[in-house]
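Student: Below, each chain spelled out in residue letters.
There are 2 protein chains.
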Amino acid sequence: MLTNNEIKLINSLQRKKERQKNGLFLVEGVKMYEELIKSNFRIRKVFSTIEMSDTAEYTLITDSQLSKISQFSTPNQVLALVEIPNQTVIDFNQPSLILEDVNNPGNLGTIIRTADWFGINQIICSNNSTDCFSPKVVSSTMGSIFRTNIFYTDLAKFLTESQLPSYGAFLEGQHLQKTNLQKKCNIILGSESHGISKTLENLIDYKVTIEGNTKAESLNLSIAAGIFCFQYFQNNR
Amino acid sequence: MLTNNEIKLINSLQRKKERQKNGLFLVEGVKMYEELIKSNFRIRKVFSTIEMSDTAEYTLITDSQLSKISQFSTPNQVLALVEIPNQTVIDFNQPSLILEDVNNPGNLGTIIRTADWFGINQIICSNNSTDCFSPKVVSSTMGSIFRTNIFYTDLAKFLTESQLPSYGAFLEGQHLQKTNLQKKCNIILGSESHGISKTLENLIDYKVTIEGNTKAESLNLSIAAGIFCFQYFQNNR
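So the sequence lines, in the order shown, correspond to chains Z and E.
For the first sequence, position 108 (counting from the first letter as 1) is numbered 126 according to my numbering, and the numbering increases by one without interruption.
For the second sequence, position 76 (counting from the first letter as 1) is numbered 94 according to my numbering, and the numbering increases by one without interruption.
Simulated from the structure, these hints should not be mistaken for lab results.
Don't be surprised by glycine CBs; every beta carbon is placed ideally from N, CA and C.
Don't take every hint at face value.
For each label pair, taking beta carbons as the anchor points, the in silico distance ranges come out as [claimed, not checked]:
1) Z:THR232 / E:GLN38: 54 to 62 angstroms
2) E:ASN40 / Z:THR232: 28 to 36 angstroms
3) E:SER91 / Z:SER30: 19 to 27 angstroms
4) E:LYS35 / Z:LYS35: 42 to 50 angstroms
Please model the entire structure based on the sequences and the hints provided.
Tutor: What follows is the structure in C-alpha cells.
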C-alpha cells in the first residue's frame with residue numbers, strides 16, 4: 019500500500035534540497051525502470067500499476083494513486099524511489115564533457131543521453147548547473163543517467179588541475195570540422211545565453227567553433243554538445 | 019490600447035485551427051521580434067511594454083496586459099501578430115530535411131534552427147507532424163522560422179516524385195561518418211518512438227546510421243537531425 023507519508027516524501031523529491039536531504043530521487047516509466055534494474059543503482063521502493071514479472075519487490079497501486087505521486091502529466095505505470103549514488107572521485111585521466119551553468123533540465127538530460135551514445139561517461143558541471151537528479155533531467159536521459167558519472171564542482175579549479183588538453187565551444191575559433199579531438203581530453207560548453215565565462219576561457223587550450231551559415235545566431239546547447247561528441251567519436255574510433 | 023476582442027483573438031491562436039482560420043500566428047520576445055522585422059513576414063499588429071525605437075507602429079501595453087496575451091509563463095516585452103505566409107511551392111531541386119511525424123514542438127523548433135545554421139532552408143514534414151506556427155515551435159527556432167520554407171505534405175508522394183538521392187536515418191545502415199551526403203539531396207528522419215515507416219523506407223536510397231556506443235538505445239531526434247546537418251555541411255563546404 020501507498021501511505022500518506024510516502025506520498026508526501028515522493029512529492030517533496032521534486033525539490034533538489036529534499037532529494038539531497040533524503041539521498042533519494044525518482045525514476046518513472048516502464049522503459050526507465052528497465053534501464054534502472056540493469057544498473058547498479060540501489061532501489062529503495064517500487065510502485066507499479068501493473069503486475070511485474072521480474073523478481074524485485076514492488077507495491078501494486080491504482081492509476082489514481084500513481085497520478086498522486088507522479089511528477090508527469092501522463093504517468094507511465096511505474097515509479098521507483100532510488101538512492102542517489104555515493105559520489106565517487108573525478109577521474110582526471112578520463113575524457114570529460116564539461117558544462118558551465120547549464121540551466122535547462124531538458125538540455126542536460128539530452129546531453130547526458132548523447133554523451134553516453136558516443137561513449138563519454140564522465141560529465142562535470144559547474145556548481146550553478148541544474149541538478150541531474152530532477153525528474154525532468156532523469157527522464158530525458160532515457161536511462162543514460164545510470165551509466166554516467168556526473169559531478170558538480172568548481173570548473174576553474176578542475177581545469178587548472180587537469181593535465182588533459184581542453185577544447186572549448188566558442189562562436190569564433192578553429193573549425194571543429196578540422197579539429198582532431200584527442201582521445202583523452204576535456205570538452206567544455208558554456209551556457210546557451212552567456213557562453214563560456216572569461217575565467218574558464220583563460221584555462222582552455224583550444225577555442226573551437228562549429229562552422230555554419232552565419233545568418234543564424236547560434237546553435238541550441240544540446241545540439242552543439244551532440245556535434246562535439248559526434249566529432250570526438252569520429253576522431254577516436 | 020488592447021481590446022477584449024484582441025485578447026480573445028490572440029489567445030485563440032495557441033490552437034492550430036484558429037491560426038489557420040485567421041491566417042495569423044504569434045511572435046513573442048525582444049530577440050524574436052528583432053529577427054521578425056529583418057524578415058519578409060508581414061506584421062499585422064505589435065504590442066509592447068516598452069518604447070520601441072524602430073519606426074513600425076505598435077501599441078503600448080502594461081506588463082499585466084502582456085501577461086494576459088502571452089503564451090509563456092515569463093513574457094518578454096513584445097508580442098506581434100504575424101501573417102502566416104502564403105504557401106510557396108516545394109522546390110524539388112533544393113536540399114531538404116524531411117521529417118516524418120515529428121510531434122514534439124521543442125524538437126521541431128530546434129531542428130529548424132539547426133538546419134538554418136547549416137544552410138538547409140527547406141523542411142518538409144508529414145501531414146501528421148506538429149504545426150510549425152505554434153508558439154513553442156516559433157520560440158525555439160530562435161528566429162530561424164523566418165528564413166526557412168516549411169511544408170506539410172504526403173511524404174511518400176514527395177519522395178516518389180523527387181529525383182534527388184535520399185538518405186534516411188536508421189538504427190542500422192551505413193555509417194554516417196563514412197557517408198558523403200550529396201549537395202542536392204533529401205535527408206529523412208522518422209519519429210523518435212517509431213523511426214521511419216516501412217512505406218517511406220522503401221522509397222529511400224541509402225539507410226544511414228549514426229555510429230555510437232551500443233549501450234544507449236537511441237539519440238534524441240533533434241540531436242540526430244543536428245548531426246546529419248553537420249555532416250551535410252561538412253560534405254559540401
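Student: All hints, please: hold or fail.
Tutor: Here's how the hints hold up against the structure:
{"no.": "1", "hint": "Z:THR232 / E:GLN38: 54 to 62 angstroms", "verdict": "violated (33 angstroms)"}
{"no.": "2", "hint": "E:ASN40 / Z:THR232: 28 to 36 angstroms", "verdict": "holds (34 angstroms)"}
{"no.": "3", "hint": "E:SER91 / Z:SER30: 19 to 27 angstroms", "verdict": "holds (23 angstroms)"}
{"no.": "4", "hint": "E:LYS35 / Z:LYS35: 42 to 50 angstroms", "verdict": "holds (43 angstroms)"}
Checked against the numbered hints above, the structure breaks only hint 1 and satisfies the rest.
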